[in-house]
Each structure stands twice: as C-alpha cells, then as structure tokens.
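Asker: Residue-level listing of the chains:
There are 2 protein chains.
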Amino acid sequence: MSEIRKHYFLDRHCIIATGRAKRPSAPKACNDDIPSSTCVFCSGHEEETPPATSVYKKGQVLKDTDGQRVTGWDVRCIPNLYPALSPDAPEAATSGFEVLRGYGFHEVIVEHPLHGSRLHLFSDEEILLLMQVYRDRVMHYQSQEGIKYVSLFKNWSKKAGASLDHTHSQLIALPLLPSEISVELQAIRHLAECPYCNIVKREKGSKRQIYENSYFIVIAPYCSGVPYELWILPQQHVHHLSVLTDEMLFSLGDCLRYAVSRLDATIPELAYNYMFFQTEGNPEYHFSARIQPVTSIAAGFEKNTGIYINSMPPEIAADHLMDRA
Amino acid sequence: MSEIRKHYFLDRHCIIATGRAKRPSAPKACNDDIPSSTCVFCSGHEEETPPATSVYKKGQVLKDTDGQRVTGWDVRCIPNLYPALSPDAPEAATSGFEVLRGYGFHEVIVEHPLHGSRLHLFSDEEILLLMQVYRDRVMHYQSQEGIKYVSLFKNWSKKAGASLDHTHSQLIALPLLPSEISVELQAIRHLAECPYCNIVKREKGSKRQIYENSYFIVIAPYCSGVPYELWILPQQHVHHLSVLTDEMLFSLGDCLRYAVSRLDATIPELAYNYMFFQTEGNPEYHFSARIQPVTSIAAGFEKNTGIYINSMPPEIAADHLMDRA
Numbered sequence: 065m066s067e068i069r070k071h072y073f074l075d076r077h078c079i080i081a082t083g084r085a086k087r088p089s090a091p092k093a094c095n096d097d098i099p100s101s102t103c104v105f106c107s108g109h110e111e112e113t114p115p116a117t118s119v120y121k122k123g124q125v126l127k128d129t130d131g132q133r134v135t136g137w138d139v140r141c142i143p144n145l146y147p148a149l150s151p152d153a154p155e156a157a158t159s160g161f162e163v164l165r166g167y168g169f170h171e172v173i174v175e176h177p178l179h180g181s182r183l184h185l186f187s188d189e190e191i192l193l194l195m196q197v198y199r200d201r202v203m204h205y206q207s208q209e210g211i212k213y214v215s216l217f218k219n220w221s222k223k224a225g226a227s228l229d230h231t232h233s234q235l236i237a238l239p240l241l242p243s244e245i246s247v248e249l250q251a252i253r254h255l256a257e258c259p260y261c262n263i264v265k266r267e268k269g270s271k272r273q274i275y276e277n278s279y280f281i282v283i284a285p286y287c288s289g290v291p292y293e294l295w296i297l298p299q300q301h302v303h304h305l306s307v308l309t310d311e312m313l314f315s316l317g318d319c320l321r322y323a324v325s326r327l328d329a330t331i332p333e334l335a336y337n338y339m340f341f342q343t344e345g346n347p348e349y350h351f352s353a354r355i356q357p358v359t360s361i362a363a364g365f366e367k368n369t370g371i372y373i374n375s376m377p378p379e380i381a382a383d384h385l386m387d388r389a
Numbered sequence: 065m066s067e068i069r070k071h072y073f074l075d076r077h078c079i080i081a082t083g084r085a086k087r088p089s090a091p092k093a094c095n096d097d098i099p100s101s102t103c104v105f106c107s108g109h110e111e112e113t114p115p116a117t118s119v120y121k122k123g124q125v126l127k128d129t130d131g132q133r134v135t136g137w138d139v140r141c142i143p144n145l146y147p148a149l150s151p152d153a154p155e156a157a158t159s160g161f162e163v164l165r166g167y168g169f170h171e172v173i174v175e176h177p178l179h180g181s182r183l184h185l186f187s188d189e190e191i192l193l194l195m196q197v198y199r200d201r202v203m204h205y206q207s208q209e210g211i212k213y214v215s216l217f218k219n220w221s222k223k224a225g226a227s228l229d230h231t232h233s234q235l236i237a238l239p240l241l242p243s244e245i246s247v248e249l250q251a252i253r254h255l256a257e258c259p260y261c262n263i264v265k266r267e268k269g270s271k272r273q274i275y276e277n278s279y280f281i282v283i284a285p286y287c288s289g290v291p292y293e294l295w296i297l298p299q300q301h302v303h304h305l306s307v308l309t310d311e312m313l314f315s316l317g318d319c320l321r322y323a324v325s326r327l328d329a330t331i332p333e334l335a336y337n338y339m340f341f342q343t344e345g346n347p348e349y350h351f352s353a354r355i356q357p358v359t360s361i362a363a364g365f366e367k368n369t370g371i372y373i374n375s376m377p378p379e380i381a382a383d384h385l386m387d388r389a
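From first to last, the protein sequence lines stand for chains D and Y. Residue numbering for the first sequence follows my numbering, beginning at 65 and increasing consecutively. Residue numbering for the second sequence follows my numbering, beginning at 65 and increasing consecutively.
Chain D extracted, bound-state conformation:
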C-alpha cells in the first residue's frame, strides 16, 4: 500500500509505496527479460493478468468478467499488478507531516496483441484506435471521485523504465494536481496570451519544426533539456484530450507515429518516454505531448540546479531527424 507524502515545506509530493519495500539487491522479476512465449501482455495470455477493465475489439468496448476473459482483442486495458496507487488504499499512518492516503488508479494499456509490434509501424486504424483509447481511459478516470489529474505516459525500452518489452502505455490517476502542471498554470494566468499558442506561432516554419499536419505540429523545443526532445502541440488552442474529435485524434496519432519513426530511423532502438500534459478543469491550459529520448543521465548538477546540460542543440537534432545533415 502507498501513501502520498508532501515535501516538508514545498508544494511537491512523492509516492511512498510502503508495501513494495525490498532491498535493491533482492531479485526484481519484473525487470528481467521475458521471452515472448511467456509475456503476459501477449494475445492468448489473458488469464495471466487481472481481469481487463476495458477491452477494445472490432469497434466494440468490452470488459472481462472474473470467469471469462475477452480474446481476439485489439487493445487491452488492465490494472497494474504493482499499482503505485489504489482505490482501496487505507488511511496513511499519522506522522506529524502532511500526507494523503495512496488513493488513485494505475492502469496498463496494452497497445497491440502482438509481441513484436512497434508504435511507429502502426497502421492508420491502429494509431487512431490507440488515441481513442487514450481519450476514453483518461476521461473515465478523470470522472472518478476525488481524481484531480490523470497522468498518461509511455516508457519504451528498459533504459526508459519499461519493465516489459511488449509495447504498452500507462495511466496513473492522482488525487492532486501535480506541481509540474500547477506551476505552468500559475505562469499562464499571468500572461495576456496563451504561451503555447505563442510557441506554435513562433516555431511554425522554424528550423526546429520537424512535422505538421491538419491539427498538430511537431517541434524540437528551443529549450530542449535532452537530445532529440520533441513536443507535439495542437495548432489551435485545445486544453485536453477529451475535446479532440476523431479527426483531431488521428492527427495527433499521426504526429506521434511520425516523431517516433524519425527517432527510430535516426537512432535505432532508442529508448524514450512520452507524456501527455493536460488538465481537464482548466481550459486556459494548452495540451501537449512531449517525447524525451533517454540518451544521457541526469546527474548531480541537474539534481542540484534543475538545469539540464544538453549536448545536442535542437536545431541540429531537427536536421538529423529530417535527414538534412
């Protein structure tokens, strides 16, 4: 079981997963390489996970029951077996410090039934479906009692924190708005114009743009913290996945697929995280998806200052990704 502890005096939190404590020298089964024949995310292994909360199959949205699992699915959403937060978390122990019980949800979205599938090779139908699932599941958890933020992200490859190599995303629903978002919101409220709308205006057509389609744009941000960082921004002001039409969702998925395919072509087998930045109750916020490849280590200087040293200027990263250099 978990608790959400507040920093002694700053608006920052950490999740202490009290039930998972083991010495780091203990074996960690979830980090081992798993051959596909025993991968629990693969089609045919449905019995080996908890019952799915939502199963997408041929245009329908189904649910597992205790006795029977849906097979032949396209996308499968299951509770995380080692959840960071849980809906039935007990009250946190009294400590004299600020703490919340570890209430929340933690779901895995298995993006494809086949073990070897890769997001950048998804068909148009597959990438649209995945974006629809993202929208559905974020909206589902956003509407649960006490949930203030739904974090949607993908860790690709062990170096980026993935414990299983079958392509999947994750979603953690939180009972608080994280400081990363609230700091941005505060800054946005002090500005006359949406700063992200301004970024789109200024970066569109710049040497840092790598792609655009009907509704979205992909840029290597001017202030990239890590090599080959990419941001996907809606060209018009949109604050949350829930307001995207299917046409806009496809446009988003197309950008995500394009970005990942260019990263993979430039640096084969690159590890990356991508994350969705959005907040439902705050229409002044501007939605974005951000991809951060993992090529270097945040070390003492970054942990001391919050300033990242990036040896790859985004202008040159964009040249590499566009095959211009």
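Don't take every hint at face value.
[Claimed, not checked] Taking lysine to aspartate or glutamate pairs in the EDC-like style, the calculated list, with each CA pair at most 16 Å apart, reads: (1) K70/D to E248/Y; (2) K70/Y to E248/D; (3) K212/D to E344/D; (4) K271/Y to E112/Y; (5) K127/D to E111/D; (6) K122/D to D138/D.
[Stated by the list, open to error] Listed below are several chain Y residues computed to face chain D (Cβ distance under 7 Å; list not exhaustive): (7) F217; (8) N219; (9) Y286; (10) A363; (11) Y372.
Just so you know, these hints were derived from the structure itself, not from any lab. Virtual Cβ for every residue (Gly too), placed ideally from N, Cα, C.
Since chain D is already given, all that's left is putting chain Y on it; use the hints.
Answerer: Leaving out everything else, chain Y in the frame of chain D:
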C-alpha cells in the same frame, strides 16, 4: 561553446553545449572504462590534464604553471576538459528567445592521488582537507565577476553519470541563481521560522535519523524521492560553506563519510550523486548536502508530474542503514 537558454515562459533554463553536438551513436571515449594505468586523474599523470588551477600539497595551496606541474599532491583542482560553461564563451546567437552566453566555470576536484581510493575510507585528515577544498573553491568561484551560484556535486559510478572512476567531485559556476534554489528561497521568505531549522528540530531523534555529531545531523527525509536518499543538515542555522569553521567542516565531512560508508555497507558498489544546496547572498537559506543513490529510473510518470514513486520508505531505509533490520 555553450549557451544558457531560458524556457519559453517558465523560470527554467538549460545549457545547450553547441560545440559538443554529435549523434549519440558516435563513440564516447569519456564513457569508456579506463584502466588505472592510463587514468589522467592519477598521481604521475599531471601532464595529461590542463594545468591545475589549485593544488593542495602538505598544507600548502599551489598552482601549476604552463611549463611545470605540481607532483606529490593531496587534492588537485583542474578545469574540466569538456566544460559545460566557460569564462571566454562568445555571445549567444540571436534567436528571438531569451538566452545568455555560456559564461561560467567548470572544474574537476580530484579528491585523492590514488586510483582505488574511496571517499568512505578517507582518513580524518583526508576528509577535512576535502571539505576545506570544497569551501575554498566555492568561495573562489563565488567571488568571480557575474557568478550567481556555484553548484558543487559528486557523481559516483557510471550509473550516476560519472565518466571516470577515479574519485572526484565537480563544480560548475553559473551566472544565474537556479530555479531549484529560488523556488525554495521564495517559500522560505513566506515562513515565520526557517523550515530547515524546523526539520532538524522534528527529525532529531526520529526513526529517520541515522547519525549526528557536534554540528550536523543525517536523516532519511520523510519525503524521500528515491530509495536511501539522505540529507545532511547543520543543526544550527548556517547558509553557506563559507561560514563554516574548520571544526564544523570536519563535522560535515564526518557525516558525509559516515553516510556513504553506511550506503556502501548496505548496498555494495551503490551509485550515487551528492549535491550541496547553499546560496551565498541569502542568509535566510539553510545549507544542506543531499545524497541520492541511483537505484531506479525517473520515467514517464516522474517527467509528467514531478512526483517520484519510491518503493523504499525512509523509515525502513534508516533501519537498513543502521542495521536495525
């Protein structure tokens, strides 16, 4: 050459090291294992580094000259061969966005002449000398024109970002106060009591304390973001290394050595970063040194929310470190 780029609209910065751009697939010599016989930090290899800016030898502080290097030294401070910032950085290119030239200093502190030396095995004299060097070098760079913050840190082991395995620390002098510190300062100014003095009061004797001596205390903080995180705090309000007497410096070094020795005894060969938090011009700030072991990966969730999931409660970490469990 580098530039310091500001985020589009937040008070955050990154350092873009424009002169070091290479595709990540290119070989990185500085990350390879170096046998001690060819280690440039070892005693006897002084000619293979830039001239030292400061050499500590038998109670004296000397300097290399272009033609002659000091040998037989105890601690040796040299300019980083691949500096993140440099005193002769050119003006940054005009971009339409906020940017500073990459002005600053980047120094390596070689802590010991012998390749196999380990900080937690330093003698009393060696640990005191290292703390004196830390104080001297921070004060030296803090007094340089235009320097607003000196980041002092150690990356131990490749997993924590060290490129060479001969024990060393680093110092990067910056022309701005990093947001990590300014956010804390703002919070501190709104409080009636120094929050760190309050932490010392509340954690002293708690189950999260792992050590104390005359002037300092070592705790596993209530809000530990990573397993086995440790903070070293002066018991009386002190804002900066520059105000520490030699007696207090020894007390600090003793805590650091004790903390690292307990980490090493608990998890042999543990990788870690330690960082010094301080700011010279702001006496309301409370000095700390913080040790963050590297046992897990900050992945998509952490990058989305700033909230760390820590599977090791600090109370249990303290038990392990104290051999109580």
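Asker: Now look at each hint and say whether the structure bears it out.
Answerer: Checked hints:
{"no.": "1", "hint": "K70/D to E248/Y", "in the structure": "15 Å, holds"}
{"no.": "2", "hint": "K70/Y to E248/D", "in the structure": "15 Å, holds"}
{"no.": "3", "hint": "K212/D to E344/D", "in the structure": "9 Å, holds"}
{"no.": "4", "hint": "K271/Y to E112/Y", "in the structure": "48 Å, violated"}
{"no.": "5", "hint": "K127/D to E111/D", "in the structure": "13 Å, holds"}
{"no.": "6", "hint": "K122/D to D138/D", "in the structure": "7 Å, holds"}
{"no.": "7", "hint": "F217", "in the structure": "3 Å, holds"}
{"no.": "8", "hint": "N219", "in the structure": "5 Å, holds"}
{"no.": "9", "hint": "Y286", "in the structure": "5 Å, holds"}
{"no.": "10", "hint": "A363", "in the structure": "3 Å, holds"}
{"no.": "11", "hint": "Y372", "in the structure": "5 Å, holds"}
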